[in-house]
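K.L.:
Please take these sequences and the hints and turn them into a complete structure.
Line by line, the protein sequences give chains D and F.
Here the working numbering = 1-based position in the first sequence + 118.
Here the working numbering = 1-based position in the second sequence + 118.
FYI, nobody ran anything at the bench for these hints, they're computed from the structure.
Check each hint, because a few of them may be wrong.
Unchecked claim - Computed footprint of chain D on chain F, listed as stretches where at least three residues anywhere in the stretch have a Cβ under 8 Å from a Cβ of chain D:
1) 198 to 207
2) 212 to 223
3) 231 to 244
4) 251 to 257
5) 285 to 294
To be verified - In silico lysine-lysine, BS3-like type, Cα no more than 27 Å apart, as pairs:
6) D:Lys148 / F:Lys148
7) F:Lys234 / F:Lys148
8) F:Lys297 / D:Lys292
Cβ coordinates follow ideal geometry from the N, Cα and C atoms, glycine included.
There are 2 protein chains.
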Amino acid sequence: MPEHKTRTKILQCAIQLLGENGAEQFSASKLAAAAGISKATLFHHFRSIDDVPIEAFEVWSNDVLDIDLPATGDLYKALVKLGNHTFDVVDQQRDFLRAYFVLLNKAMFDERLRFKVASSSDRAIETLASGIRRFVESKRAANDLARTVLMQLDGASLHLLALGNEQEVRRTWKLFCRKLTK
Amino acid sequence: MPEHKTRTKILQCAIQLLGENGAEQFSASKLAAAAGISKATLFHHFRSIDDVPIEAFEVWSNDVLDIDLPATGDLYKALVKLGNHTFDVVDQQRDFLRAYFVLLNKAMFDERLRFKVASSSDRAIETLASGIRRFVESKRAANDLARTVLMQLDGASLHLLALGNEQEVRRTWKLFCRKLTK
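P.N.:
Next comes the structure, spelled out in C-alpha cells:
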C-alpha cells in the first residue's frame, strides 16, 4: 500500500476503534491489528500513539463538520432539519458520532488536541453562520446564532448518546429552534 | 476508618482522579494509592473497578445536580445567573466538572452507567423545572424549557472545557437566555 494510503487507513481505523470502545480500550497494538499492519509500521507513521487522535480528529471533522444548512424557505425549518439529520446520524452511525465525543473528551486533557478541536469548531461555526446569513442581516448575529446552535446540537447529541432519551431530545430540539427563530 | 467512610473516600478519590487525568489513566492501583488503602480493601468494597464510576456518578450528582434556579424577578436574569455560576465552577473547579464529562463519556459505552446518568438527569430537570414554574404557567412547558436549558448548559460547558473559548461561551449563553425567554 502506498505510504499515504496506509496513513489514512490508520486514522480511519483509529476513529472506528475510538467510537466502538472509547479511549480506554485504545492502544497501539489494537490499532495496528485493526489496520492490518505491524506496530513498527504504525510507529513509522506516528511518533507516538498520542499523536494519532490529533490527526484523527482532523479526518473526522473534514468528513462532517462542514455543516451545511438545508435549503428551505425559513430558518426554523432549516434548523429543525439540521437537528433531525444529526440525530439520524447518531442513530445510524453511532460509533462515528461517539468518536467525536471521545475526542472532545480527550481534548479536555490534551492542549494540542484542544487546539485542533477549537479551530475546526471555528470553521464549523463559520460555515453554519454563512447558511444562517440567508435569513439574518448582520454577520455578527448570524455568528452568534450559529454558536448557540452548535452548542445545543452538541449538548443534545451527547444526551442522546449518554442518556438514550431520543424522544425527548427530538422534541426539545424543535422547541429550541422555535425559540431561537421567534 | 469505618467501612462507609472508606467507601465514600474511595468514591471521592475516583471523581478526583477521573477529573484530573481522564478515564484512560484510571486504574485500581491508582485509586487505591490515592485513597490510601490496599487493592484488597478496594476490592472488598467494590467487586470490580468498573463498578466504581457508577457509584461515583451518584456521589457527583448528589453534590451538584440539584440545580436551583437563582431567585430573581425574571426568568432571563435567573437563567443568566445559572449559566454564569456554572461557568465560574468550570473555572474554579475544573477537575470536578471534567469528571462529569468523563463519566458522561463512559456512559456512552456502559449501559449501567447510562441508566444512572439518565435518572439523575431526570432529577436535575425536575428541580430546574420547578424553579422555572415560578415564571411559567404550564408544567409541561417548564419541563421542556428545563431540558433545553440543561442541553445548552452541557454543550456550553463541554465547549468551555474542550475548546477553551470562555468569552464566546459566556456571550452565547446570554443570547440563548434572551431567545429562550422572549
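K.L.:
With reference to the structure, classify each hint as holding or not holding.
P.N.:
Now for the hints, and whether the structure bears them out:
1. 198 to 207: violated (count 0)
2. 212 to 223: holds (count 5)
3. 231 to 244: holds (count 4)
4. 251 to 257: violated (count 0)
5. 285 to 294: holds (count 6)
6. D:Lys148 / F:Lys148: 24 Å, holds
7. F:Lys234 / F:Lys148: 24 Å, holds
8. F:Lys297 / D:Lys292: 14 Å, holds
When each numbered hint is compared with the structure, violations occur for hints 1 and 4.
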